[in-house]
Amino acid sequence: MTSASFTKSTIPVAGNLTMGGVLRSEWTKFRSVRSTWWLLSMTVILVVGLGVILVVLEINGGAPKQEPPYQVAQQIEFGALITQLVLGVLGILMFTSEYGSGMIRISVSVVPRRLMLLWAKLSVLCVVVLPLTLVSSVVAFVLGELAWQSHRGLKPVGFGDPQVTRIVIGSALVVAATAVCGFGMGAIIRSTAGSIGTLVGIFFVLPLVAQAALPRGVAGLARFLPSNAGDALWGGTIGPRSMTPWSGFALLCGYAVALVAVAGWRLRRGDA
Amino acid sequence: MPTAATVIRPREPVAGNLTMTGVLRSEWTKFRSVRSTWWLLSTTVILTVGVAVFVSPGGASGKPASAAAFARSTEYGSVLSQLALLVLGVMVFTGEYHSGMIRASLSVVPRRLLLLWGKLGAFGAVVLALSLASSVAAFVLGTLVHQPHGGRAHVWFGDPQVTRIVIGAGLVLAVTGIFGLAIGAIIRNTAAGLSTIAAIFFVLPLLLRLALPSSDQGFLRLMPSNAAGALWNAALSPTSLSPWTGFALLCGYTAALVAVAAWRLRRGDA
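Residue numbers (this note's numbering), protein chains in the order written: chain L, 1 to 272; chain Z, 1 to 270.
Heads up, a few of these hints could be off.
Claimed, not checked - Pair ranges (Cβ atoms, derived): (1) Trp38(Z) / Trp38(L): 46 to 52 angstroms; (2) Val53(Z) / Gly49(L): 39 to 45 angstroms; (3) Leu210(Z) / Trp38(L): 24 to 30 angstroms; (4) Gly160(L) / Val260(Z): 47 to 53 angstroms; (5) Thr165(L) / Arg266(Z): 52 to 58 angstroms; (6) Trp265(L) / Gly100(Z): 29 to 35 angstroms; (7) Leu106(Z) / Thr28(L): 33 to 39 angstroms; (8) Asp271(L) / Arg266(Z): 40 to 46 angstroms; (9) Ala258(L) / Gly22(Z): 46 to 52 angstroms; (10) Leu106(Z) / Gly21(L): 39 to 45 angstroms; (11) Ser214(Z) / Phe159(L): 40 to 46 angstroms; (12) Leu210(Z) / Pro162(L): 30 to 36 angstroms.
Hints in this document: simulated from the structure, not taken from any laboratory. None of these values were measured; they are calculated from a predicted model. Don't be surprised by glycine CBs; every beta carbon is placed ideally from N, CA and C.
The following block holds chain L by itself, in its conformation from the complex (with noise of 0.2 angstroms):
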């Protein structure tokens, strides 16, 4: 070897850390794991399919003609209970897959504005997720609504009836905002496993221990659990009583800001 050749990297490789860059980056890494697919086509199949069968079913199953439209489509978007299990444990992924695999050590490096990565990573969960559970919950009322028609002696259900519309977006916001009570929980505790217990523990088991459980003078109190404030937006509350159902979603969010919030401070403050 006589002389070594420099090459010019055209981008400076160091310097610019720019929003843009490191979004594409985690883009790249949400999209290149398989589990990613796996439970973005379970979300879709799940919200359409159990949609499309449960309305059948119903429609076979007694008498549904004096059903009021909104528990039709209440009826129809009953797979949000289950695709909120699914899209909550993509949100955990965000974090905790790099943290099993050690790579959160080269994120951190590479991106050490550590907030940045934070954001990045929640936009591409956000940007996804949103519009995939829109969609779905849409086509899965859309597929109902035509079993439910082509069915004679039934009275039409549409967009226009009361609730409905709220009902509809509603099932699929309240999914997305779980996904991102997931991602804060992932961040916070870092293990794969405690968090997806802690997200089932939180988000399943408890409205249902609550609602066997708890004494009469506080069973009001389940109502406020994230799970039964969420999906007061939409009527699959479990309990005695419901918030009325654009506080409860606020709330929801409002806990998936706190998550998120906590998980910042953890990101900022602690190691990684």
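We have chain L; now place chain Z onto it with these hints.
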């Protein structure tokens, strides 16, 4: 180095005497030397026993209808700790697949089923003892906290229903943990295994109960969590199997999953 190398002969021959006891001992070491084990085991005890203090014996309706309803109310915490033991069970295998430890384990214990039985033995023994102890403790504490105020007849172990519910809640908890272990051994990934179990145990029974027309809800009693609930009168389904049939069905599901796990471990790559 001029001095002769001293050969240290191992006191025990390294290969050729693969015993079940040895495998059990090594699995016990792995199990107890991980921090998450102690976290989850203490969570199990705290939730099972702690909830018994806070629940109202009789739930939202105020007064318990019977001795059985009282006993059941003291065991509600075990639904939450079921989740903790499922997580622990799943991680028995997925933890090793994630870290790559499974390859070391299988090199050392080439008879793969021996490894499965070793893990199952170590995990099952700890979890069974702990579940029974905490379900009994929950009931005892529940009677201490809630009985003096009620002025009702004293509920205690003599009642056959009460005994079944208290012991049953513990048994169900332990078998659920083994269910989780088997799912972990089959799916081999923590996130996927846990989500599957959460869906099967908690989300689907709830969703179907809320969304299916009542004429289609008959099969819900056959779902694992509802079969498990039958043993301590806590099934969420509109109809329920008889207690021991339900428990037998749960054990059947678990045995089937363990068999699939064994087949996969023996036949597939690690």
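Hints, verified against the model:
The given range of 46 to 52 angstroms is broken by Trp38(Z) and Trp38(L), whose C-beta atoms sit roughly 32 angstroms from each other. Val53(Z) and Gly49(L) have their C-beta atoms about 43 angstroms apart, which keeps the hinted 39 to 45 angstroms range intact. Distance hint for Leu210(Z) and Trp38(L): a CB-CB separation of about 26 angstroms, consistent with the stated range 24 to 30 angstroms. With their beta carbons about 50 angstroms apart, Gly160(L) and Val260(Z) fall inside the hinted range of 47 to 53 angstroms.
Distance hint check for Thr165(L) and Arg266(Z): the Cβ-Cβ separation is about 55 angstroms, which falls inside the suggested range of 52 to 58 angstroms. Separated by about 33 angstroms at the C-beta atoms, Trp265(L) and Gly100(Z) satisfy the suggested range of 29 to 35 angstroms. Look at Leu106(Z) against Thr28(L): about 34 angstroms separates their beta carbons, and that is inside 33 to 39 angstroms. Distance hint check: the CB atoms of Asp271(L) and Arg266(Z) are about 42 angstroms apart, consistent with the given range 40 to 46 angstroms.
Hint check: Ala258(L) to Gly22(Z), Cβ distance near 50 angstroms, so the stated range 46 to 52 angstroms holds. The hinted window of 39 to 45 angstroms between Leu106(Z) and Gly21(L) holds, with their beta carbons roughly 43 angstroms apart. In this structure the supplied range 40 to 46 angstroms is violated for Ser214(Z) paired with Phe159(L), their Cβ-Cβ distance being about 29 angstroms. About 21 angstroms separates the C-beta atoms of Leu210(Z) and Pro162(L), a value inconsistent with the hinted range of 30 to 36 angstroms.
In summary, the structure is inconsistent with hints 1, 11, 12 from the numbered list given earlier, while agreeing with the others.
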